[in-house]
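The listed protein sequences correspond, in order, to chains Y and Z.
Positions 0 to 325 (numbering that gives the first Met the number 0) are the ones given, in order, by the first sequence.
Positions 0 to 325 (numbering that gives the first Met the number 0) are the ones given, in order, by the second sequence.
Among these hints, one or two may not hold up.
When chains are identical, the list treats them as one kind, so a pair holds in a single copy or across two.
Stated by the list, open to error - Computed list of lysine-lysine pairs in DSS-like fashion (alpha-carbon distance at most 30 Å, straight line):
hint : residue 1 : residue 2
1    : Lys109    : Lys218
2    : Lys213    : Lys95
3    : Lys95     : Lys320
4    : Lys117    : Lys226
5    : Lys213    : Lys320
6    : Lys85     : Lys297
7    : Lys218    : Lys233
8    : Lys213    : Lys226
9    : Lys147    : Lys300
10   : Lys121    : Lys226
11   : Lys233    : Lys95
12   : Lys213    : Lys297
13   : Lys320    : Lys218
14   : Lys218    : Lys150
15   : Lys117    : Lys150
16   : Lys213    : Lys150
17   : Lys95     : Lys33
By construction, these hints were calculated from the structure, which means they are not laboratory data.
There are 2 protein chains.
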Amino acid sequence: MKHFTPGLAVALILATPVLADNDPLPSWNDGDTKSAIIAFVESVTDEGRDTYVDEDARIATFDNDGTLWVEQPMYTQLAFALDRVKAMAGDHPEWKTTPPFQAVLEGDMKTLGEAGEKGLLKIIAATHAGMSTGDFEQITGDWLADAKHPKFDKPYTELVYQPMLELIDYLQDNDFETFIVSGGGIEFMRPWTEEVYDIPPQQVVGSSITTEFKMVDGKPTLMRTNKIDFIDDKTGKPVGINSHIGRRPIAAFGNSDGDFEMLQYTTIGADGPRLGAFVHHTDADREYAYDRNATFGKLDKGLDAAAENGWLLIDMEQDWKTIFPE
Amino acid sequence: MKHFTPGLAVALILATPVLADNDPLPSWNDGDTKSAIIAFVESVTDEGRDTYVDEDARIATFDNDGTLWVEQPMYTQLAFALDRVKAMAGDHPEWKTTPPFQAVLEGDMKTLGEAGEKGLLKIIAATHAGMSTGDFEQITGDWLADAKHPKFDKPYTELVYQPMLELIDYLQDNDFETFIVSGGGIEFMRPWTEEVYDIPPQQVVGSSITTEFKMVDGKPTLMRTNKIDFIDDKTGKPVGINSHIGRRPIAAFGNSDGDFEMLQYTTIGADGPRLGAFVHHTDADREYAYDRNATFGKLDKGLDAAAENGWLLIDMEQDWKTIFPE
Numbered sequence: 000m001k002h003f004t005p006g007l008a009v010a011l012i013l014a015t016p017v018l019a020d021n022d023p024l025p026s027w028n029d030g031d032t033k034s035a036i037i038a039f040v041e042s043v044t045d046e047g048r049d050t051y052v053d054e055d056a057r058i059a060t061f062d063n064d065g066t067l068w069v070e071q072p073m074y075t076q077l078a079f080a081l082d083r084v085k086a087m088a089g090d091h092p093e094w095k096t097t098p099p100f101q102a103v104l105e106g107d108m109k110t111l112g113e114a115g116e117k118g119l120l121k122i123i124a125a126t127h128a129g130m131s132t133g134d135f136e137q138i139t140g141d142w143l144a145d146a147k148h149p150k151f152d153k154p155y156t157e158l159v160y161q162p163m164l165e166l167i168d169y170l171q172d173n174d175f176e177t178f179i180v181s182g183g184g185i186e187f188m189r190p191w192t193e194e195v196y197d198i199p200p201q202q203v204v205g206s207s208i209t210t211e212f213k214m215v216d217g218k219p220t221l222m223r224t225n226k227i228d229f230i231d232d233k234t235g236k237p238v239g240i241n242s243h244i245g246r247r248p249i250a251a252f253g254n255s256d257g258d259f260e261m262l263q264y265t266t267i268g269a270d271g272p273r274l275g276a277f278v279h280h281t282d283a284d285r286e287y288a289y290d291r292n293a294t295f296g297k298l299d300k301g302l303d304a305a306a307e308n309g310w311l312l313i314d315m316e317q318d319w320k321t322i323f324p325e
Numbered sequence: 000m001k002h003f004t005p006g007l008a009v010a011l012i013l014a015t016p017v018l019a020d021n022d023p024l025p026s027w028n029d030g031d032t033k034s035a036i037i038a039f040v041e042s043v044t045d046e047g048r049d050t051y052v053d054e055d056a057r058i059a060t061f062d063n064d065g066t067l068w069v070e071q072p073m074y075t076q077l078a079f080a081l082d083r084v085k086a087m088a089g090d091h092p093e094w095k096t097t098p099p100f101q102a103v104l105e106g107d108m109k110t111l112g113e114a115g116e117k118g119l120l121k122i123i124a125a126t127h128a129g130m131s132t133g134d135f136e137q138i139t140g141d142w143l144a145d146a147k148h149p150k151f152d153k154p155y156t157e158l159v160y161q162p163m164l165e166l167i168d169y170l171q172d173n174d175f176e177t178f179i180v181s182g183g184g185i186e187f188m189r190p191w192t193e194e195v196y197d198i199p200p201q202q203v204v205g206s207s208i209t210t211e212f213k214m215v216d217g218k219p220t221l222m223r224t225n226k227i228d229f230i231d232d233k234t235g236k237p238v239g240i241n242s243h244i245g246r247r248p249i250a251a252f253g254n255s256d257g258d259f260e261m262l263q264y265t266t267i268g269a270d271g272p273r274l275g276a277f278v279h280h281t282d283a284d285r286e287y288a289y290d291r292n293a294t295f296g297k298l299d300k301g302l303d304a305a306a307e308n309g310w311l312l313i314d315m316e317q318d319w320k321t322i323f324p325e
């Protein structure tokens, strides 16, 4: 509890039961998962134990899509890119007959899916490049302020998982430095992660396109080129962690096979306690249920390897009292 | 003063003069340079002024070679690479007749200089690549523990500038987040910057070669390839800052034209107070004197542009009482 006032202390002492008020993870149901998380944190923060970890080595990494916010029916950044194609179509009459833009404009998701990664990169180049970093921040900010999720009819930044917000907060209260390590675009996330997750820009690692520095009209400007710089997914995640953080995490949270290598890097062959965990989407009613056969957020080999590696499976339906913030 | 104890407070009240004890920059001579630095820090930390800057935007960046530690008669990392060529030569008999290795082994710096960047990259590939990040850390750590500077006969990590250490400390005490942004190799610096500068690995930005994640003998391993990933110099510095930090600094310190664009990015066209400064090497007796014609750390267009842009020139001879820590 960060801001502990005398008034609150008195209230807590008078309250019965006191323990519930001190629960660091109130949106988590009591059970093995919650106990394992708390046991891990206590094991690395108790100076009396030989599992103690110095504060500056308490690094925790979080995937974003599907781990901290909703990634169905498609990645939020893809929804942004498709909306941008529609918004920009007036200036590109040729898109009406040019794949993959034609498929986007006609809402033909099947053809778009068949265009694969190559098609996606064309859409990214058309919608994410050729502007300054400042202009891109403006465009994404405007979109996020207006766009609503098709199922929940809420802004995407409200569709973050309350139990994970509590987990970030709990780790920070225990002097962990918390990082996002996402396959999503680093500049798509940074403008809002501090407000939504309490994770500042310098603690966000993601995929990127190459930027170039130029003076434009006497002002220092970073221009976004259409060249992919780095894909922060799968084996890219340990690479991105090493590049940005320079230390191995002691805890890592993901939800898909894209996080597999991050969990390996965090937990295998390390001295001392490590925590690796997958959020398992098991809740078709309150969110979505998907794993081995998902188009976005496929969790297959991770599901098989979890037991062998001692990775925690966070069962959304069983372990979480609530999904989203009130 | 972070850890202010009652006993120390009494000592300070009894001491005469008290002011000298409170000097945040005791190794700096009083004068315009020191006053300008202090005035800047006060202007952004005084909540009563409209120049106040929120703590989370107080980002300060420091070049390393020639700004925080000695870069003459050659960059420390180049001295390391040349020593490595000599140490590895037994396993590479062909180097005796292969440029540029032959020049290194014969101590022929003129021929080595003529081999230029292309020659240097061959030496980097031979000495910095083809091993895991852990092995590289071991090798550099062993070298830094043994190697001595040819002029000062001291370990390189002791040839850091005491006034700059005080400046880092002063900024940190005022809730700045301090970053290194160096043309040097990021993995050459990270193992020791926390101990020497109080700057942890995640706040070090530098040049890098591409790494690849693999499981080796069941252990997660990052292998250093011989492919250059990023050159954190000149226009690369704003790019590296944007990539790693995601915010524009409000203060930047360099010493060469390699830092020119970092100072532009930090100071030009920004709202509110900004501080850009070059350490000007003017002290042939206590350190080195060089600027426009230097092979390493050339300061030419920066010297011309300083006045126009309001950048501070830190005159090593005039402004610094001492150069190195005692």
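Now the hints, each set against the structure:
1. For the homomeric pair Lys109 and Lys218, neither the shortest alpha-carbon distance inside one copy (44 Å) nor that between copies (40 Å) is at most 30 Å.
2. Taking CA atoms no more than 30 Å apart as the test, Lys213 paired with Lys95 passes in neither setting, with 34 Å inside one copy and 44 Å between copies.
3. Taking identical chains as interchangeable, the C-alpha atoms of Lys95 and Lys320 are never at most 30 Å apart, the minima being 46 Å within one chain and 70 Å between chains.
4. Proximity of Lys117 and Lys226 under a CA criterion of 30 Å is satisfied in both settings, with 13 Å inside one chain copy and 25 Å between copies.
5. Taking the closest pair of Cα atoms, Lys213 and Lys320 never come within 30 Å of each other, the shortest separation being 50 Å inside a single copy and 38 Å across copies.
6. Taking the shortest alpha-carbon separations for Lys85 and Lys297, only the intra-copy value of 28 Å comes in at or below 30 Å, while the best inter-copy value is 50 Å.
7. Taking the shortest Cα distances, Lys218 and Lys233 sit within 30 Å of each other only across copies (16 Å), while inside one copy they are farther apart (37 Å).
8. Taking the closest pair of Cα atoms, Lys213 and Lys226 come within 30 Å of each other both inside a single copy (17 Å) and across two copies (25 Å).
9. Proximity of Lys147 to Lys300 under the C-alpha cut-off of 30 Å is found in neither arrangement, the shortest distances being 32 Å within a copy and 51 Å between copies.
10. Taking CA atoms no more than 30 Å apart as the test, Lys121 paired with Lys226 passes in both settings, with 11 Å inside one copy and 26 Å between copies.
11. Within a single copy, Lys233 and Lys95 get their C-alpha atoms no closer than 35 Å, and across copies no closer than 42 Å, so neither meets the 30 Å cut-off.
12. With identical chains, the CA atoms of Lys213 and Lys297 are at most 30 Å apart between copies only, with a shortest distance of 21 Å across copies and 40 Å within one.
13. Taking the shortest alpha-carbon separations for Lys320 and Lys218, neither the intra-copy value of 50 Å nor the inter-copy value of 37 Å comes in at or below 30 Å.
14. Proximity of Lys218 and Lys150 under a CA criterion of 30 Å is satisfied in neither setting, with 43 Å inside one chain copy and 42 Å between copies.
15. Taking the shortest Cα distances, Lys117 and Lys150 sit within 30 Å of each other inside one copy (28 Å), while across copies they are farther apart (56 Å).
16. For a Cα distance limit of 30 Å, the shortest separation of Lys213 from Lys150 qualifies neither inside one copy, at 42 Å, nor across copies, at 39 Å.
17. For the homomeric pair Lys95 and Lys33, neither the shortest alpha-carbon distance inside one copy (51 Å) nor that between copies (63 Å) is at most 30 Å.
Consistency note: the structure conflicts with the earlier hints numbered 1, 2, 3, 5, 9, 11, 13, 14, 16 and 17.
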